[in-house]
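Assemble the whole structure, with the sequences as input and the hints as a guide.
Residue numbers (UniProt numbering): 1 to 409.
Calculated from the structure, these hints are not laboratory results. By construction, the Cβ of each residue, glycine as well, lies at the ideal position given by its N, Cα and C atoms. Warning: the hint list may mix true and false statements.
[As the list claims (entries may be wrong)] Under the rule of at most 25 Å between Cα atoms (straight-line distance), these lysine to aspartate or glutamate pairs were calculated in the DMTMM-like manner:
(1) Lys-344 with Asp-220
(2) Lys-224 with Asp-376
(3) Lys-224 with Glu-238
(4) Lys-115 with Glu-142
(5) Lys-224 with Asp-202
[Claimed, not checked] Computed Cβ-Cβ distance ranges for the label pairs, DEER-style:
(6) His-216 with Asp-179: 16 to 26 Å
(7) Ala-234 with Tyr-328: 25 to 35 Å
(8) Leu-301 with Val-141: 30 to 40 Å
(9) Tyr-328 with Asp-178: 32 to 42 Å
(10) Gly-181 with Met-222: 15 to 25 Å
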Amino acid sequence: MDTAAVCDRVGRIGATRAAVSAGTAAVVDVEGGLHDIRMIRSHLARVEAEFVTALAPAVSFPESTIADTSRGSLGDATKTIDRAGTLADAPALADALDNAAITAEHIDALTRATKGLDEQQRVELIDIADALTDVASHATVEQFNRRLRNERRRLLAAEGVARLEQQRRNTSMRTWVDDDGMWNVRGRYDPVTGVELAAALDQAIETLFAETTPEHCPTDPMLKQSFLRAHAFARLVEGTAGRRRSGRPEFVVVIDADADVEGEPTVDWSIPVEIPPSVLTELLDDGVEPIGIVVRNGVVLHAPGVLDLGRQSRLANRAQRRALNALYDSCAIPGCSTRYATTKLHHIVWWRHGGRTDLSNLLPLCSHHHGKVHHDDWQITLGPSRELTVRFPDGSVQTTGPPRRRAAA
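Here it is in structure tokens:
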């Protein structure tokens, strides 16, 4: 938009404003005035980006200069700089903004969509968006935002599949005997195989050592877990691990009812890996069982299976472990990073004191903190949304809010 066109629009805006003040403006006049304002704003946003681009290398702290001259905040200044950077890489969108075919909010939507991407992914997404300039010029900001989110998903999915293929090529294992005469094994597996092996290993530990532990088992919690894992691996290889349930692996899809409306269900695996969504179809075809669980503010709203066993069994069942895994990804004690898969479900009201094996009375604790509760007089209580209160022997108290794991996943 050239200067003459801008001046013409400013003139029309002034005339419409006078008519509004006099009470003589028709609706069509006001609509036209708003249209002119939008056109000028878009043009000025492009001009502002050019000014910011010129300013950035000339001053040591451009955000401060922009905030001072615009009488805005540093956050607003940063947003302006980010917008200028996006426009510098998207010439077609920059021209469209200059000609007021799109708005600054369209550019901001693209800037947000590139957040969290590496540089190559960012360039690819901006190139895709730049080729969609005609789409942007006919779309609302929300419509363009949805299109960008879809393009981002496709980009990440394609790269995720390519990465998985490379990981599968990098799978390897080696064995050796060390100086102590111990046979060692070290393997590297792609995430899909890793999930299956980890699930089998966790199941073997649960099946073999829920009640008793092998001879020579260490008492130190970390050493104990390593010891049990090694023995479970040996039993799996020997084919003597046994099974208490179906050997088919499963994954948990957690839906947080408190999440933002644009949020997506979270897929929880037994180990912290990333698996492309498109690979889920392959897993389903291979017999992997999807389990849906809905949570809100520390409460399980829906989960399959029997969640309250009462006094029928001291040991928690698989459904209860799954349900609590939707709320916790580790030991429930704040600061403890022990994986959920290696925790025990502790009875808040102890079993020996009449406690029930109901979901509301169970809390995942690692071996170390489980021992603290049973032997060192730690007192634990849960609130209605699983707010945790720990009272220590010295009289101090620690409290937490409802559990959150990757957005309550």
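Here's how the hints hold up against the structure:
{"no.": "1", "hint": "Lys-344 with Asp-220", "result": "holds, 15 Å"}
{"no.": "2", "hint": "Lys-224 with Asp-376", "result": "holds, 19 Å"}
{"no.": "3", "hint": "Lys-224 with Glu-238", "result": "holds, 21 Å"}
{"no.": "4", "hint": "Lys-115 with Glu-142", "result": "holds, 17 Å"}
{"no.": "5", "hint": "Lys-224 with Asp-202", "result": "holds, 14 Å"}
{"no.": "6", "hint": "His-216 with Asp-179: 16 to 26 Å", "result": "holds, 21 Å"}
{"no.": "7", "hint": "Ala-234 with Tyr-328: 25 to 35 Å", "result": "holds, 29 Å"}
{"no.": "8", "hint": "Leu-301 with Val-141: 30 to 40 Å", "result": "holds, 33 Å"}
{"no.": "9", "hint": "Tyr-328 with Asp-178: 32 to 42 Å", "result": "holds, 36 Å"}
{"no.": "10", "hint": "Gly-181 with Met-222: 15 to 25 Å", "result": "holds, 23 Å"}
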